[in-house]
Amino acid sequence: MNDFLKISGLCAQIDDNGTPKEILRGLDLDVPKGEIHAIMGPNGSGKSTLSYVLAGREDYEVTGGSAHFMGEDLLALEPEERAALGVFLAFQAPVELPGVNNANFLRTAVNAVRRARKEDELDAVGFLKAVRAETKHLHMSDEMLKRNVNVGFSGGEKKRNEVLQMRMLRPKFAILDETDSGLDIDALRIVAEGVNSLRGPDFSALIITHHQRLLDYIKPDRVHVMAKGRIIHSGGAEVALALEAQGYQQYLEAVA
Amino acid sequence: MSESVALSPALGSFLARAHEGEARELLARQGLPQRRLEAWRYTPLRDVDRIGFEPPAHVSLGEAEALLARLAPEARSGFRVVFVNGVLVPELTRLPEAVILTAPDAPLLADRPLSVLNSALQQPGLSLTVPAGVEAGQICLVSLVSGEEPVSTHLAHQVTLEKEATLTLLDIQSGEGAYLANPSLTVSVAEGAHLTHLRVQQDDVRATNLTLVNASIAEHGTYDSFTLTLGSRLSRHEVLAHLGGKHATVHVNAAQLLAGTQHADLTSVITHAAPDCNSRQTVKNVLMDAAHGVFQGKIYVDRIAQKTDGYQMNQALLLSEKAQIDSKPELEIYADDVKCSHGATVGALDDEQLFYLRARGVPYDTAKAMLVRAFLLDALSLVTDEAAYALLDQRVEAWWLNREG
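Sequences listed follow chains G and X, in order.
When we follow UniProt numbering, the leftmost residue of the first sequence carries the number 1, and every step to the right adds one.
When we follow UniProt numbering, the leftmost residue of the second sequence carries the number 1, and every step to the right adds one.
There could be a bad hint or two in this list.
Taking beta-carbon pairs under 8 Å as the criterion, some of the chain X residues facing chain G (in silico) [what the hints assert, rightly or not]:
| # | residue |
| --- | --- |
| 1 | Gly347 |
| 2 | Ala348 |
| 3 | Glu352 |
| 4 | Gln353 |
| 5 | Tyr356 |
| 6 | Arg360 |
| 7 | Gly361 |
| 8 | Met370 |
| 9 | Leu377 |
Computed far set for chain G versus chain X, every beta-carbon distance over 12 Å [claimed, not checked]:
| # | residue |
| --- | --- |
| 10 | Gly18 |
| 11 | His37 |
| 12 | Gly44 |
| 13 | Asp59 |
| 14 | Ser66 |
| 15 | Phe91 |
| 16 | Gly99 |
| 17 | Val125 |
| 18 | Leu145 |
| 19 | Glu238 |
Partial selection, computed: residues in chain X whose CB lies under 8 Å from chain G [to be verified]:
| # | residue |
| --- | --- |
| 20 | Ala290 |
| 21 | Arg358 |
| 22 | Val362 |
| 23 | Thr366 |
| 24 | Ala374 |
| 25 | Trp399 |
By construction, these hints were calculated from the structure, which means they are not laboratory data.
Computed from a predicted structure; not experimentally measured.
Glycine residues also receive a C-beta, built at the ideal position from the N, C-alpha and C atoms.
Just chain X, with the same shape it has in the complex:
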């Protein structure tokens, strides 16, 4: 396909900064993904296309410290890697000795527009390996953006777990301004290794966040992820997971809490390419005002992947008549002995439940908050790490108080 696209303000600004190479050529040819692409029909980037994005300005250490304290107070202690405006802040970064920093070599995925954009403008992100057998504990990956003008960052992170290594990655994305954050994370989980990835996206409500996660999981390995989406005017969290060895496991769980005119898209493609693998997805959407949630979940089961166990559930709670959810589950199965289930529900708060709480003296707003929390519980409770659960719970609580206050 050699069609060329009109040079939008966004594309023009990207091409002016892009590294020479295949990704730039693809970007020049394809532009930002358009609605006519099936995978992008619910999440148009029209408004993003109209913005010319500058490279972000340099931020002094003092400013970086202030941003960190303001936007990611949870990263105050412990091991952490801090990026501000797409650049590592070494003074604020502390890594455990057991992990090894490596040269990034994340692959370009030509058929994934977010990979193309990220590769063309790539900024070096966190690239680390947890050696075989090492339990690396928790590392906080903080990505902050700040700028008066629209700026864009394109960090490429890479996390590799060798055989039987473990790591919890607490991934916090936040910022101030009308920026675009376009990170990628390439995950490689070796035999028997276990990566827990907890992501809190609380970007500025003027910002756009387009994140791509590309994970491959080997035999008996686990990639256990949970995303809490609270921020951004528009966001897409795209997860590609490849189960490549027997008894590999992937969890792509999420909660999206949106208000105003926020739009958040969770798209996943889970490929079962080996027998006896397990994939789990529980995605909850709480939508207020004129918010718009999107869920696209594809489970692909290869001919070889017998005894696949796939589960996918997407539920939306609409708290306003103008709120909207698009849900598109897709199963593509070529093996004959598999167990795959999917479901989607959409509903409002239950009047009987609300009345029951109020009849017991619980004020309307508190009753509503209790029922929203109850709705989210199935998803949140999948986060088994107590400290991480407490953090997510506290973020949900703060989000709710901000909306109701």
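Same shape as in the complex, but just chain G:
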């Protein structure tokens, strides 16, 4: 039985100018250890909401269901506790932090996570060594570490910075929200390479996209189709190809 990521009957809503708007309506999803899953679905199906709810963003109110990660009640944890546990959300639009130096940010994050995981913190030298190894691997210039977090970064640089954070924080489960960046091939490739480099028995990922193209670079173990706040169909990698050829209509009709 899967005890890695288990989501059952998850319901969540957002405050839409005073009236609650239901976005997730009883979502069930299992991602076993070591597997990479993709969620595809039309705009407005709740894909991004799912990623934010799993990462712990406060604007969303969970009204029902559960999400457990390695036996822990994920929804009861603060965002930083989820990160320490090994959950990583790669943002579709990484946030700019003017006045926050990228290297300091990364070191603070890495050491906060290490502290929570009861590992020794990295000193300045140890951190520099670790981060240099990663920037080299990602073909990033060290100059990006001296800049403010994501400020003035190109789209590709932002994605590379997300992947750098992911590799430094060593998550067990990464959520990649690529809903809107489906057309930027370079950005997609960077993200895909980042995920593929971590692929292994102790790393799982959930890739959220509405274009099949990303899945040319990352081969998913399973593909889920999402609509109206629920998973309406699951299958192997062939589902993505079928979606590309025929669109979502076939699945939407099936549940209607």
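Dock chain X against chain G, hints included.
This is chain X only, laid out in the frame that chain G set:
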């Protein structure tokens, strides 16, 4: 105007000690500034007016040493001038040989209530001249107050830089008790001279600090100031700067970090009275709890002051729904070829930025601290002296830890 005011406890106690003369007469007539004065409408002195202030008690050398170690450890080494309870402590004072102590002759500014109060009760402060061409390095000016009863000090400092002289004045104000500190500093920067004035106001949170700086800057001279306001229940830092020669420069930068019911007012009047001068102001406010920040910045550009370059920015970060900022920029321009800009922003911490940091494992309090420091960076980074920057940075850090701890 010959109206007389009711004798408040504060005014009564001041007049009882005041030196005979014009300042005393003005004080008797005007009292402490009231809210109906436009320049004082955001900073009422009502509560101060209710207190009768005693002259401060004499402090022994041993006590002065202990106070210095406790309240201004940064002045442990190097050149320094130490005042405790309004009196110079010569045993703790060390000045570089190159500077000259002079007789004070600071002018009374009749239209400035803080100048009137300071002049009427004036105590001799630091009065020095850096001779032409001398690079005097850094001098630490430490003003400490300690007293069980409400006491008041009114030091008058005067710093004069002759042609092409340079000096960094690290001005530390601190103390213990419900006192009033009312210092004045008269600055005169001659041609090509450069004064860096870094002020750390970390007075007791029961205290009141009313400071007046009156600076005049000659051709190619620079008065570069930064104030970090952390202390006092109520404070006002009033800066008058007069750019009197071509290519003179003034910087009035500041950060005010306030919590509880603290109130801090930064008021500046910058007068461009010559062409080609440059004035810069970046003032940041971090306001917690029910703290209240005030910024009033006036740039006056005389008809003769063509090619003036004036910049003024005031920003507030409100960390609580009860925190408050009043911001009043004022431009008065009589020349036609000038570049003057001003702006003000008010905001809370950005939820998206906070979430991004937390999603990377950074705990909430650390994330908040990082964003507050980022907010202050534009202002703090204007302090180019590395040691001074480190001191300010460390003070900001300590302030934050005290609040969060």
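So, going through the hints one by one against the coordinates:
no., hint, in the structure
1, Gly347, "violated (13 Å)"
2, Ala348, "violated (14 Å)"
3, Glu352, "holds (5 Å)"
4, Gln353, "holds (6 Å)"
5, Tyr356, "holds (4 Å)"
6, Arg360, "holds (4 Å)"
7, Gly361, "holds (4 Å)"
8, Met370, "holds (6 Å)"
9, Leu377, "holds (4 Å)"
10, Gly18, "holds (18 Å)"
11, His37, "holds (20 Å)"
12, Gly44, "holds (21 Å)"
13, Asp59, "violated (8 Å)"
14, Ser66, "holds (21 Å)"
15, Phe91, "violated (7 Å)"
16, Gly99, "violated (3 Å)"
17, Val125, "holds (21 Å)"
18, Leu145, "holds (15 Å)"
19, Glu238, "holds (33 Å)"
20, Ala290, "violated (25 Å)"
21, Arg358, "holds (4 Å)"
22, Val362, "holds (5 Å)"
23, Thr366, "holds (7 Å)"
24, Ala374, "holds (3 Å)"
25, Trp399, "violated (17 Å)"
In the structure shown, a violation is registered for the earlier hints numbered 1, 2, 13, 15, 16, 20, 25, in ascending order.
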